[in-house]
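> Each chain is listed here by its residues.
2 protein chains.
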Amino acid sequence: MESEANQDITHKSAAFSPSNGSQEQTIFSTFEPLVILEFKPKSKQAAQEWLTAKLQAPRTERGAELIVKTNTSENSKETILYIGATTERLLIGAEEMKIQKTYRDGSLRDISLTDLDNFNNSEDLDRFLTTAEKQRVILKGMESLRASEEETFIPGYPKNSLYPGKSIIKKYLSRNIVSNLFPLHEEEKLKRLGDEWYTMKNYFKTQPIEKIQEYFGVKIALYFSFLGIYSISLVPPAVIGVIYFFSPSSMYREATFAVFNLIWSTVFLEGWKRYCNSLCFKWGTVDSSVSFSHSFEEPRADYYGTMGRNLVTGNPEPVYPKWKRVLKFYLVTLPIISFCLTVAFFTMLAYFWAEAWMKKNAPQNLGIITTMNNLLPTIGYAVVIGILNNIYRTIAVKLNKYENHRLQSSYDNHLIVKLILFEFVNCFICLFYVAFYLRDRALLKTFLGTLLVTQQIVGQFQEAMVPFFFMQRRQKQVDKALRKAEGSAAVTKEVTESDQDVDKMYKKQAALEGMMDKWPGSNDEYLEMYIQFGYVYLFSSAFPLAALWAMLNNFIEVRSDSFKMCRVFQRPFVEKANSIGAWQPAFEVIGLISVITNCALIGMDPEVQKLLPSDMSAVNMVLIFVAAEHIVLAIKASIALLIPDVPKWVILQIAKQEYAAKQALRKQMSEDSCNSKFMMKRMVEAALKKKVVLDAFSRRSTVFRNDSQSAVKEPL
Amino acid sequence: MESEANQDITHKSAAFSPSNGSQEQTIFSTFEPLVILEFKPKSKQAAQEWLTAKLQAPRTERGAELIVKTNTSENSKETILYIGATTERLLIGAEEMKIQKTYRDGSLRDISLTDLDNFNNSEDLDRFLTTAEKQRVILKGMESLRASEEETFIPGYPKNSLYPGKSIIKKYLSRNIVSNLFPLHEEEKLKRLGDEWYTMKNYFKTQPIEKIQEYFGVKIALYFSFLGIYSISLVPPAVIGVIYFFSPSSMYREATFAVFNLIWSTVFLEGWKRYCNSLCFKWGTVDSSVSFSHSFEEPRADYYGTMGRNLVTGNPEPVYPKWKRVLKFYLVTLPIISFCLTVAFFTMLAYFWAEAWMKKNAPQNLGIITTMNNLLPTIGYAVVIGILNNIYRTIAVKLNKYENHRLQSSYDNHLIVKLILFEFVNCFICLFYVAFYLRDRALLKTFLGTLLVTQQIVGQFQEAMVPFFFMQRRQKQVDKALRKAEGSAAVTKEVTESDQDVDKMYKKQAALEGMMDKWPGSNDEYLEMYIQFGYVYLFSSAFPLAALWAMLNNFIEVRSDSFKMCRVFQRPFVEKANSIGAWQPAFEVIGLISVITNCALIGMDPEVQKLLPSDMSAVNMVLIFVAAEHIVLAIKASIALLIPDVPKWVILQIAKQEYAAKQALRKQMSEDSCNSKFMMKRMVEAALKKKVVLDAFSRRSTVFRNDSQSAVKEPL
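Protein chains in written order, with UniProt numbering: chain S, 1 to 716; chain W, 1 to 716.
Treat the hints with care, since some could be wrong.
Stated by the list, open to error - Stretches of chain W that chain S covers, calculated by requiring three or more beta carbons in the stretch to come under 8 Å of a beta carbon on chain S: (1) 308–322; (2) 623–630.
Said to hold, decoys possible - With a straight-line cut-off of 16 Å between C-alpha atoms, the simulated EDC-like cross-links for lysine to aspartate or glutamate are: (3) S:Lys166 with S:Glu270; (4) S:Lys656 with W:Glu423; (5) W:Lys44 with W:Glu78; (6) S:Lys101 with S:Glu210; (7) W:Lys564 with W:Glu187; (8) W:Lys667 with S:Glu96; (9) W:Lys656 with S:Asp503; (10) S:Lys667 with W:Glu298; (11) W:Lys140 with W:Glu298; (12) S:Lys656 with W:Glu297; (13) S:Lys667 with W:Asp117; (14) W:Lys667 with S:Glu298; (15) W:Lys77 with W:Glu38; (16) W:Lys656 with S:Glu95; (17) W:Lys564 with W:Glu525; (18) S:Lys667 with W:Glu297.
Calculated from the structure, these hints are not laboratory results.
By construction, the Cβ of each residue, glycine as well, lies at the ideal position given by its N, Cα and C atoms.
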């Protein structure tokens, strides 16, 4: 064990700061694997070798030009590829991916290889890119391996046909020939990040967003930032909700509470949009030309089509006609989704019907049996909805893939809308049904409270307990794996010669992290927040303590999510983002609907009706609430318009960049065009003008000569 | 007269195509005045000379570097400047103003002097810019004459103080030292344009928008384009309105008509936005970086402040702190405007009160006297509102100037909002009052019909008859001026030597056009359309024939406006625009409000109420109309979202330009940075690496040597 610890230190120091003691270590183990690829045990040798060769082949020969070390353990029949790349390859890749870094003038600019000198921190090119960026470059390199005309199937798997332009690695993953593909964690850095992030002593500090971004990328950093800001934004409604709860019923109380909540949701969402834009600007994901640059973004790896050329850049890329996607959407997606939503809706109706039937027909006064009987429909509904949800999700993902969106952001947004639609029917329509069809205020309160609290308890259990269990399990796995790694290390050393330069530490780390779960993406987390947001704002006047519950839940959520992120899941590849995507409008729609629901709820509340002047007609009462609704909507719209989406300083910076780009384009154009050519043209023009003048003069002089001739002749 | 006509032809051919006959003429009268500046008669000689010198001075000496010919007619004491510029000066100015021209690849690009070669039609540089563009360049040159630190007043006018950064020409204009500043018309071109535009034979053809843009600039072309499209968009509502008028009352009729109108207004406005964007793209006013380029647009000439630097470009420009503008807005503008609107509102109330009082108290049955008495309040109201309107407009313009907006577009938009607010109270609030407070459907119909028809008849009279009268008057002026010009020509020839090279024709043209009215801008025309749009859509279910009236009116309006544009007014300087500015949202707001008003109108209609099931409660009825309103609003919002604001082909083109700019910036960066420096750095790095390796080797060899030494020692 002593030697293990020692080696650990050596490895870390090699990775972070070469000290005297490990000088030799640094030099002779320069290969640093960044990404691990595990082939499925017993997958065909030919397929493994083909991919490995592709990964290593130079890019001129349609390869990825990566450094690959293979490790096949004799006993488990498992082949693992340790993938790294030279600094040059990584920098070239970073340039191609337009990764942005701080320029000497403080602005962020796309990396330019020939201009690296002017970027900050470019003294040590090996550390110019963060590990996360390097891993992304490698992934991009792997993803851009696309089948050529001749490569019609995966060697060893003649049935797994490829077509030109299909991403090879995606095929390996979808056919499960590659069982695992993940970037390695940086233990040291992760530990420091975790210390700041989820440990108890920092519980009331803000999250280290900058460091999260550096380690996990913009997309995940935005999720945590949104979760944090959303949780904090719940404090005022929670406080006001408590005050509401303990204050006597009055028209004034109802109006203040409802109006505050309704307007607050807009302030929060607009404030977030603004904050998000400044974060993204700092992180270089707000393009200076936000508007139309998507036309020359590269398509996602799963995007398929016939190989053609990008209409803007002229670079080769798969082309898929838009009308096909539109047709697929209207003829396939729309009917199927509508059918699923209808099923969910009728399931809900069936539930209400079953419950009513049970209450009416089942024998009452039987104690525990009655309770059981009465619970039966609810349990049945929960089970059916759970099953339906799973089926629906599978269908939604399949349909979304089938639609073949060109950009990852477009793919994500379409998936988000599909997920939201189902949850809407599932979680909210039944509340609408209770509130506005059954008009049962008491049932609505019970329902809301039950849904919110149970979902949160279940959620917390899943998110705080399960990670703890995972932690325990992994600890055991660590020990087991360590022993196994020590054992197998001896074996492999004899078997494969090529991998002797992969550090033993990396092998262990790869083995350990290979056993961890894949991060399932942030959509489920957002969805959870979304439903909670709906519970809090849609019916806030019926259940004013919702904000308090949600706030308490979220303060735990932030930490349990961050713990999972660091300790439970494999490191995810970083992803770019410049907003939370379709979630932003989705939250805004809830904010909008909540105005309608709350005005209706308050208007329907008999308590409130009693507070109004008794001589008021029912029609006038309705009109007052409609007017109130319109006024609140107008206020919300004005707030949304008045809070600029992009902070002034970001606008200034972007404008500066735009201006620089324009000036550069101008300079470029003038340099491109041959100056001497222009000069020549001007000279020719001048000459032509002169000629005209001379011609005119000569004509004049001709006239003069004629005159003089005639003058001469005259005397004769 | 014969020689006059002859000279006319000579002049025209000189301007358009040099023919054989006028070869000499072309060469010896190359000076073409483009802009005319008239000093006020009896203005101080010193002020005239100072400005003239400034206009002529080279730009290095803070001048405008223009060619100026002076003409002082002895009898009228009037000094006229004929202003032109060399082709070089015009091209330099065009480059600075970022005028866009077609590049050889078909795209529009900012003119670049060193790259002129690659622009289409750059063979003849004298005609590379249109006359309108040249005139704009000259105006810009004049406007950019700004007072320096030392120039504290206008010579000859010690009381007219200047401060550093103030536009000198604007001061001359505002102090009325310069009485007239206008670009000359191009008779030939104008005649051809008019033939296509307003003559009877082309009455049912579309307007020659491209030619209008070339002659009058983008802003005016957009106005006429909008007027045209709006008029055409009125055809479906007009047709449906007529059908409605002649069909029997039914729920179906009401619903169809209202829903069609409400949704149609959105389709029209979204369609226009899209069309406008493609027009602006074609005309080069959609910047590829639409979003933030306003930060480096140049401020308007009236903008004042201490001389500082633009935060983006670093160019010197007046700087005015934003908080001052905000303070002015909230502390001065807002209270004054609110006061004005309140006055207008109470005037309206007073009118209704007076009318009711008159009906009640004035002796009836007195025939003509009764009618007169009953008309008194209406006449009084019309007079008072007319006066108030004039006062308000003066105040609005003054306040808007006082707010000191940096950009012309921002100035325009703030003025538009101010104008709209007053008209809203003036024209619409009284209709709201009748419709929803008095709930007098019959009165509403009468009111709407009267307002619409009288306003249109008065408007048509003003716009079609007055121009005709002008035409007549001008014909006389032409004759008078011609005689005068002939008379004075002889006088001036002796008096001033410098102006003998200003063509006689230009002098006449300048004298004639100087007498024409200044074009008052398009705001009043938009306002007229806006009020009409409100009459048509806000209460369409009360007065369904409004669209027909409006349509008929507008088809005349297009032609009378175009006639005025060409024949009645001085040529305006062209102005850039990339939309119809604040009018777009203003029209959209009407579209939005019309949903509310129409749903309410239909809901309140006793005819409609009779058509509903009789057992329906009043509350449910209200709820149905509220629900209908929400559904229509949702449909409108979806349509607005689904119709992309920018057509696909424009997006592609802009993306291409953005991509080119990015690539150029990248190339630029790499060229700017010293390549050899980078190479050197890499070499040094390589050397350093080698050194580390060598060091390690040397240490190894030391070890080895030690070993060998010990090995050597051992045997000993």
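> Hint by hint, say whether it matches the structure.
Structure-based check of each hint:
1. Here's how the segment 308–322 of chain W fares: 3 of its residues keep a CB closer than 8 Å to some CB of chain S, so the rule of at least three is met and the hint holds.
2. Residues of the segment 623–630 of chain W with a Cβ under 8 Å from some Cβ of chain S number 3, which satisfies the need for three, so the listed coverage holds.
3. Restraint check: the Cα-Cα separation between Lys166 of chain S and Glu270 of chain S comes to about 40 Å, which exceeds 16 Å; the hinted pair is violated.
4. The suggested pairing of Lys656 of chain S with Glu423 of chain W is violated, with an alpha-carbon distance near 40 Å, which exceeds 16 Å.
5. For the suggested pair Lys44 of chain W and Glu78 of chain W, the alpha carbons sit about 11 Å apart, so the restraint of at most 16 Å is met.
6. Distance check on the hinted pair: Lys101 of chain S and Glu210 of chain S sit about 14 Å apart at the alpha-carbon level, within 16 Å; holds.
7. Annotation: proposed proximity of Lys564 of chain W to Glu187 of chain W holds, straight-line Cα distance about 15 Å (limit 16 Å).
8. Proximity of Lys667 of chain W to Glu96 of chain S is assessed by CA-CA distance (about 14 Å); at most 16 Å being required, the pair is judged to hold.
9. Of the supplied pair hints, the one linking Lys656 of chain W and Asp503 of chain S is violated, its CA atoms being roughly 47 Å apart against a limit of 16 Å.
10. Pair hint Lys667 of chain S plus Glu298 of chain W does not hold up; C-alpha atoms about 20 Å apart against a cutoff of 16 Å.
11. Of the pairs offered as hints, the one joining Lys140 of chain W and Glu298 of chain W holds, with about 11 Å between alpha carbons and a cut-off of 16 Å not exceeded.
12. Proximity of Lys656 of chain S to Glu297 of chain W is assessed by CA-CA distance (about 12 Å); at most 16 Å being required, the pair is judged to hold.
13. Of the supplied pair hints, the one linking Lys667 of chain S and Asp117 of chain W holds, its CA atoms being roughly 14 Å apart against a limit of 16 Å.
14. For the proposed pair Lys667 of chain W and Glu298 of chain S, the alpha carbon gap of about 20 Å is over 16 Å, so the pair is violated.
15. Restraint check for Lys77 of chain W and Glu38 of chain W: the C-alpha separation of about 11 Å stays at or below 16 Å, so the hint holds.
16. Between Lys656 of chain W and Glu95 of chain S, the direct Cα distance comes to roughly 19 Å. Violation of the 16 Å bound is thereby established for this hinted pair.
17. With a CA separation close to 12 Å, the supplied pair Lys564 of chain W and Glu525 of chain W stays within the 16 Å bound.
18. Between Lys667 of chain S and Glu297 of chain W the alpha-carbon distance is near 19 Å, which puts this suggested pair outside the 16 Å criterion.
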